[in-house]
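Chemist: Here is how the chains run, residue by residue.
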Amino acid sequence: MSRERVRRILVVEDEDPIRELIALRVDLAGHHAIAVRNGLEALHAINQRMPDAMILDIGLPAMDGFEILHAIQHNGWTIPTLMLTARHAAQDVKQAIDLGARDYLTKPFDGKMFLQKLERLLQPAPPKGAVHYL
Amino acid sequence: MIKTALKSVAWTLAFAVLEWLAIATTKDGTHVVVLRPVAGVLAGICLLVSGRRAIKFLVAAAAGTTLARAFAFGINPVFLPIGLVVTGCSWAACRLTQRLIGPRITFGRWRESLGFITICTLVAIPCGFIFAGVVRFSAEPDFLRNALSWSLSTALSCSIFAPVVVISMQGRAGAFASRARPLMLSSLIMAAVLLLCFTTSTVPFLFLLPIAIVVVALIAEIEGAALALAATSVVALAATGAGYGPLPRLFESRPTQIMVMEVFLALLTVTLLPVAAALSEREKLKKKLESAVQESRRNAALLHQIVDAVDDHAIIMLDAEGRIATWNRGAERINGYSADEIVGEHIRCFYPPDARAAGTPERLLKAAAESDHVADEGWRVRMDGSRFWAGLSLHAMRGAGGELLGYSKVTRDLTARKAHEDALAIAKEEAQAAAQAKADFLANMSHEIRTPLTSVIGFSDLLWERADLDEVAQGFVSRIRDGSRALLALVNDILDFSKIESGQIDLRPAPVEPMLLAHDVVQLLALQAEEKGLALHPVCVQGLAGRAVMMDAARMRQVLINYVGNAVKFTDRGAVELSVSLIEQDDGTARLRFAVRDTGPGIAPDQQEKLFHRFSQLDSSAGKQHGGTGLGLAICKGIAIAMKGEVGVVSAPGEGATFWIEIPTVMARAVPTPKPNGAQGSERPSLLVADDHDVNLTLVKMALADQAEVTVVHDGREAVKLVQEKSFDLILLDIRMPEMGGVEAMGEIRKALGASAPPLIAFTAENDEANLESLIQAGFDATIAKPLSVETLRRCVRDKCGRAGALSEGAGRDVA
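Chains A and B, in that order, give the protein sequences.
Following the numbering used here, the numbering of the first sequence begins with 1 at its first residue and continues without gaps.
Following the numbering used here, the numbering of the second sequence begins with 135 at its first residue and continues without gaps.
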């Protein structure tokens, strides 16, 4: 695997400080963050160049996280997605997983935890003989 | 014995006297005596007493007859057979009557009287011929005449005397005493008539006798009539025998006179007794009826009084069409109408127009007629047009044949209650709406607070990670981080608490092994306890390991984390113990109990009550020292209540505390553990686990008990030794172990077993990417991050021992 290649992470979050925070975390981890504030911008960014992963907020103006996931599914794209929720709500999580999200994280989040989840997101399938059970 | 003998002698003498009187009365001089009172009296006795007791009388009668004849005519051997024939005749007639007509003859009916006479006559005829045959050999040669006259006289005597005896004996002797006046009057009438009949020989006044006896029956009932008949018979026969009365003028021969008189008396008896019986029965019935009518009038009046006096219930009767028949004071008070105004009206008039139009009253009546009773509530209209809320009960009344006679209706005015209920419902709705508004507000606020808090936590973390901060700045950042995390905990608690308060706590029961839950909680807080130097143990009460119950694991976990967290927080030395027990009940349900015991300062009894109230921490200094929102225990209590359970604490100052939660639960059939697929399906894989922490070993055993055979060792060296003796399907090694670490042990195992080595898995607490990667590089097949979670362990064993690739199942779960 080429760990040298810079991964492109799409960050969809409407709250400026949080978007900035996530983008910063992503960049500090050595990846490249593409930060957008709503669904339309997100779909536009995906259309331009497919990201390696996506950090997606649920509560967004106009088009919420579920609708974005739906649109992605509808277009036949596959983007490993980490959902951000303001509060662990079992129903939301289930819906997001059903719509193709891989994992979720509750806001506010722990920096270390975020990085662990992000790294897991970037591994398409655990290579044979090297499984990390976290 | 002597008494019985004396009685028998007395009876014998009585019969003898009777027979002698009869002989003396007829004064014929022949042996053919046409009057036979003994036969009649005996027949009466035989009708009254049962078979065996009658023998005594039969013997007495036979002896008495023989004695009297010997006395009257001199000793003759034929007298004994004559006596036997007389008694036998009476006895046979009585038994035959009882057989054919009925066991108890009262002479109150024609059928009985006529039947008795007929039977007596039929029995008397053969007896008469026997008698005639007997006397033929002595003095009386006229066989046919003797036979007939004997038969006739016997039959007649029986008909006259037997009914009189039966009625007199049956008659209530006491009744006469209390009716002295009618008895006296009857006696006077009878004496006068008899005197008139038998002192005059020119005019046959005998026709007066039946009239007199009927009059007596009217005055003194059947018993009086029977006595009158007895008196008449004795007087008439005696008078005729003595030559008085009208008969001696009409017939020459004395026996003929007697015989004719007997016929007359027999006719009197059999006709008048039933008449007297009927009359006296009628009198009795009349009296009974009168008293019954009076009684029922009294009852009705009483009932009416009671019903009318009820003034808080309208109690009314309706006819079969639903028109009002009766009206009470309660009805007047509730409905406003007086009885005069409303009786005869249909109950429709109480209903509001819309109900009348919808046919509600008719439907109600029909329902009551069909099911006998209906109860209903609804608006009704008073006379003045105002409405009231009525609660009513309607019963159908039926006649003996089941036909509908009408209805009884009891109505109460429930307007006040209805208003109260409505007010209550509105108040409840309002309260619920208010609680909902509060919960919504808190949920929104907590959501809104989260967003800025995310920034605070996130950026202070970033700042903290920077290497170029000086010590003072680091201290400040540290304060910000701690403060923001405390704020987050508070927001979480408030949201939980508002959910609990508004009853919105949403439970998701699923089969859970309580023991594993306890282990998870202990694992989670093990580090905290270790830092304070406390021992932290889970304890399972026998029999619970491997068993699952239905409960919401996440919520129970929250409670247990709270309890154990508090225990660790407030205990400075000693141990904290989390125990699980199951109290099974007979009906298949069970109560699950978790208890957390610590060796902390303990809690005074007066403080214990306050503990589970919101925002209570025992003292503010403790709050400052230990932090926390004060909502934790209130949340625990709320969760317990939502689970229909209870919480509590047992403690004394200086003796530590035990916080417990107990919930009712149903035993689940089994934990739905996905079985390993493929060839090993039926055979359980064998596992070797090496770890120096007992807690971890117990958890692994628990988690995998139904999935694999687990062997545990405490050190790498032991593991290396064991794999050379026994083969395993999977080996789990802790990285840090005292004698030989996981990496070294893995190397030894690979060296010893070569290619046949099973998959080797490392446990490690240092779960950063670089470390995990280096472990894989070193030769492990997989890594498991600490703290161990049951789900992770199971998933790992499933992947390695079963078919690979079930990993995606765990996606999205909180596995850390």
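Hint data in this document are derived by calculation from the structure and do not stem from the laboratory.
Please note that the accuracy of each hint is not assured.
[Unchecked claim] Result set (BS3-like, lysine-lysine): computed pairs, CA atoms no more than 30 Å apart in a straight line: (1) Lys703/B - Lys112/A; (2) Lys94/A - Lys633/B; (3) Lys94/A - Lys778/B; (4) Lys666/B - Lys778/B; (5) Lys112/A - Lys778/B.
[Said to hold, decoys possible] What follows is a set of in silico ranges between Cβ atoms, one per label pair, in the way DEER data are often shown: (6) Glu563/B - Glu67/A: 33 to 43 Å; (7) Gly637/B - His74/A: 34 to 44 Å; (8) Val673/B - Ala62/A: 52 to 62 Å; (9) Pro61/A - Glu605/B: 54 to 64 Å; (10) Leu558/B - Pro61/A: 37 to 47 Å.
[Said to hold, decoys possible] Coverage of chain A stretches by chain B, computed from C-beta distances (three or more under 8 Å per stretch; other residues unrestricted): (11) 11-18; (12) 105-114.
Glycine included, every Cβ here is placed at the ideal spot set by N, Cα and C.
Chemist: All hints, please: hold or fail.
Modeler: Hints, verified against the model:
Of the supplied pair hints, the one linking lysine 703/B and lysine 112/A holds, its CA atoms being roughly 25 Å apart against a limit of 30 Å. Straight-line distance between C-alpha atoms of lysine 94/A and lysine 633/B comes to about 21 Å, which keeps the hinted pair within the 30 Å bound. The suggested pairing of lysine 94/A with lysine 778/B holds, with an alpha-carbon distance near 27 Å, which does not exceed 30 Å. Among the hinted pairs, lysine 666/B with lysine 778/B is inconsistent with the structure: their alpha-carbon atoms are about 35 Å apart, more than 30 Å.
Taking the CA atoms of lysine 112/A and lysine 778/B, the gap is near 39 Å; set against the 30 Å cutoff, the hint is violated. About 36 Å separates the C-beta atoms of glutamate 563/B and glutamate 67/A, a value consistent with the hinted range of 33 to 43 Å. The supplied range of 34 to 44 Å is met by glycine 637/B and histidine 74/A, whose beta-carbon atoms lie about 39 Å from each other. About 55 Å separates the C-beta atoms of valine 673/B and alanine 62/A, a value consistent with the hinted range of 52 to 62 Å.
Remark: the range hint 54 to 64 Å for proline 61/A to glutamate 605/B is contradicted by a beta-carbon distance near 43 Å. Taken as a hint, the range 37 to 47 Å holds for the pair leucine 558/B and proline 61/A, whose Cβ atoms sit roughly 44 Å apart. As drawn, the stretch 11-18 of chain A meets chain B at 3 residues by the rule of a beta-carbon pair under 8 Å; at three or more, the given contact holds. With a cut-off of 8 Å between beta carbons, the stretch 105-114 of chain A has 6 residues touching chain B; three or more are needed, and the interface restraint holds.
When each numbered hint is compared with the structure, violations occur for hints 4, 5 and 9.
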